[in-house]
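Just need the whole structure built from these sequences, with the hints factored in.
For what it's worth, the numbering used here labels the leading residue of the sequence shown as 1113, then goes sequentially.
Careful: at least some of the hints might be erroneous.
[What the hints assert, rightly or not] Distance condition first, Cα-Cα at most 30 Å in a straight line; then the derived DSS-like pairs of lysine-lysine:
| id | residue 1 | residue 2 |
| --- | --- | --- |
| 1 | Lys-1235 | Lys-1334 |
| 2 | Lys-1410 | Lys-1236 |
| 3 | Lys-1410 | Lys-1145 |
| 4 | Lys-1147 | Lys-1413 |
| 5 | Lys-1235 | Lys-1184 |
| 6 | Lys-1236 | Lys-1345 |
| 7 | Lys-1236 | Lys-1413 |
| 8 | Lys-1184 | Lys-1413 |
| 9 | Lys-1344 | Lys-1334 |
| 10 | Lys-1145 | Lys-1235 |
| 11 | Lys-1235 | Lys-1345 |
| 12 | Lys-1145 | Lys-1344 |
| 13 | Lys-1147 | Lys-1344 |
| 14 | Lys-1235 | Lys-1410 |
| 15 | Lys-1334 | Lys-1345 |
| 16 | Lys-1147 | Lys-1345 |
| 17 | Lys-1345 | Lys-1184 |
| 18 | Lys-1236 | Lys-1145 |
| 19 | Lys-1236 | Lys-1334 |
| 20 | Lys-1420 | Lys-1344 |
| 21 | Lys-1420 | Lys-1410 |
| 22 | Lys-1334 | Lys-1420 |
| 23 | Lys-1410 | Lys-1334 |
| 24 | Lys-1235 | Lys-1182 |
| 25 | Lys-1147 | Lys-1236 |
| 26 | Lys-1184 | Lys-1236 |
| 27 | Lys-1420 | Lys-1345 |
| 28 | Lys-1410 | Lys-1147 |
Just so you know, the hints here were simulated from the structure itself, not pulled from any lab data.
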Amino acid sequence: MVNLLTIVNFAAGAISILLNLIALSLYPSFIEKGKANGYLLMTFFQFLSDFVFSIVGVVFRMELAILDHKGKTYVTYYLVYWDGVNISFNLYSFLVFVYFIFYYLNLTIVTSAVVCRYLLIVKKVNLNQWHFLSIIIFNAVCVIGLNANFCLSGFDPSIPLDIIYQNDLLVGNNDDLINEHSRSASLPTGFSFFIIPYLAFFIINFVAILFAYVQYNSFMIKFSSVMSASTKKVNEEYLNIIRLQLIVPLFLSFAPLFTFCWFITLSVQARYWGSISLVLGSLTPTLTSILYLGMLTKSRKILILRFKSIASRFSDRIEKPVKIITTTGHT
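Below is the structure:
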């Protein structure tokens, strides 16, 4: 299972990096009259955020587990590829903190992009660059505050650093990624009051996307008859994207981690559920880019034109006759 999770994590990261780079390359084609409104900036910042998170998700590949050790239950965070790096416990804890900053910030950017679309179309709010910057700063502050409490003060250095290895030996679990040199950062589930803000975080983000979708859908039902064919088509495409952005994070991010939070609260042992949840969450950036690249007519047309241009150039190089220059010598 663990090997499969690693393969999925790496493959999802590589595909996401490629697709989000392609999505970012479309930015100049979406700018109108040389300016980008706040919604457009938020949409393409989402691709940038997905791109960065995909890199972070591979470099900081993490196992997350709830384990029993000597009659007590702990939540353990293990950075898979960092066993050979000699770093202090505090720095290790900080790296875990950095990973979750990007993880949860990425979720808030998805929510923000959906809400901005709702404000732009339904509420006719003229979003500008200052709105965009304000939203990003607000999200960053909230996510840092959400994670700082347990990452920087909750981890207990007195808990054995090889707790996962000891636990696997005790229960007879064979994990190719874990050995006697594996180190981790842990905190007791008695520190579980930190879970309350996380539960609130998931609920708020899900409700925000759901609210935006319901309002957007009602708007389309009410006014689609007076829209031009092109405007109606664009709004329907974005509505379909929002619908899927409600479903995809729900099943890949919100629900798995929400369940894991309840496991922590109830001190339920879960060796792999947390790791599976994080890997599922790493699929969200890939699917988000696919939605925008595949479901928007404008994106598809641009990509088709690029493909035809590349194919034409490649074909010309193959078919172009090669001039052979011969020389003759006289004696």
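Verification of the hints:
Distance restraint check for Lys-1235 and Lys-1334: the Cα-Cα separation of roughly 14 Å lies within the 30 Å cut-off, and the hinted pair is therefore satisfied. Simply put, Lys-1410 and Lys-1236 have alpha-carbon atoms about 22 Å apart, close enough for the 30 Å limit, and the pair holds. With a C-alpha separation of about 17 Å, the suggested pairing of Lys-1410 with Lys-1145 holds against the 30 Å cut-off. Distance check on the hinted pair: Lys-1147 and Lys-1413 sit about 21 Å apart at the alpha-carbon level, within 30 Å; holds.
Only pairs whose Cα atoms come within 30 Å are accepted, and Lys-1235 paired with Lys-1184 is rejected, the gap being roughly 52 Å. With a C-alpha separation of about 18 Å, the suggested pairing of Lys-1236 with Lys-1345 holds against the 30 Å cut-off. Proximity of Lys-1236 to Lys-1413 is assessed by CA-CA distance (about 27 Å); at most 30 Å being required, the pair is judged to hold. Restraint check: the Cα-Cα separation between Lys-1184 and Lys-1413 comes to about 58 Å, which exceeds 30 Å; the hinted pair is violated.
With a C-alpha separation of about 12 Å, the suggested pair Lys-1344 and Lys-1334 falls inside the 30 Å cut-off, and the hint holds. This hinted pair checks out: Lys-1145 and Lys-1235 have alpha carbons roughly 23 Å apart, not beyond 30 Å. For the suggested pair Lys-1235 and Lys-1345, the alpha carbons sit about 19 Å apart, so the restraint of at most 30 Å is met. Taking the CA atoms of Lys-1145 and Lys-1344, the gap is near 22 Å; set against the 30 Å cutoff, the hint holds.
For the hint pairing Lys-1147 with Lys-1344, the CA-to-CA distance comes to about 23 Å; that is within 30 Å, so the pair holds. With a CA separation close to 24 Å, the supplied pair Lys-1235 and Lys-1410 stays within the 30 Å bound. A threshold of 30 Å between alpha carbons decides the hint, and for Lys-1334 with Lys-1345 the separation of about 15 Å falls inside it, so the pair holds. For the proposed pair Lys-1147 and Lys-1345, the alpha carbon gap of about 23 Å is at most 30 Å, so the pair holds.
With a C-alpha separation of about 57 Å, the suggested pairing of Lys-1345 with Lys-1184 is violated against the 30 Å cut-off. This hinted pair checks out: Lys-1236 and Lys-1145 have alpha carbons roughly 19 Å apart, not beyond 30 Å. Under the criterion of a C-alpha separation no larger than 30 Å, the hint pairing Lys-1236 with Lys-1334 is consistent with the structure, at around 15 Å. The suggested pairing of Lys-1420 with Lys-1344 holds, with an alpha-carbon distance near 28 Å, which does not exceed 30 Å.
For the proposed pair Lys-1420 and Lys-1410, the alpha carbon gap of about 16 Å is at most 30 Å, so the pair holds. Taking the CA atoms of Lys-1334 and Lys-1420, the gap is about 39 Å. The hint is violated against a cut of 30 Å. With a C-alpha separation of about 25 Å, the suggested pair Lys-1410 and Lys-1334 falls inside the 30 Å cut-off, and the hint holds. Proximity of Lys-1235 to Lys-1182 is assessed by CA-CA distance (about 57 Å); at most 30 Å being required, the pair is judged violated.
For the hint linking Lys-1147 to Lys-1236, the alpha-carbon distance of about 18 Å falls within 30 Å, and the restraint holds. At roughly 54 Å between alpha-carbon atoms, Lys-1184 and Lys-1236 are farther apart than 30 Å, so this suggested pair is violated. Between Lys-1420 and Lys-1345 the CA atoms are separated by roughly 25 Å; this keeps the pair inside 30 Å, and the hint holds. Distance restraint check for Lys-1410 and Lys-1147: the Cα-Cα separation of roughly 18 Å lies within the 30 Å cut-off, and the hinted pair is therefore satisfied.
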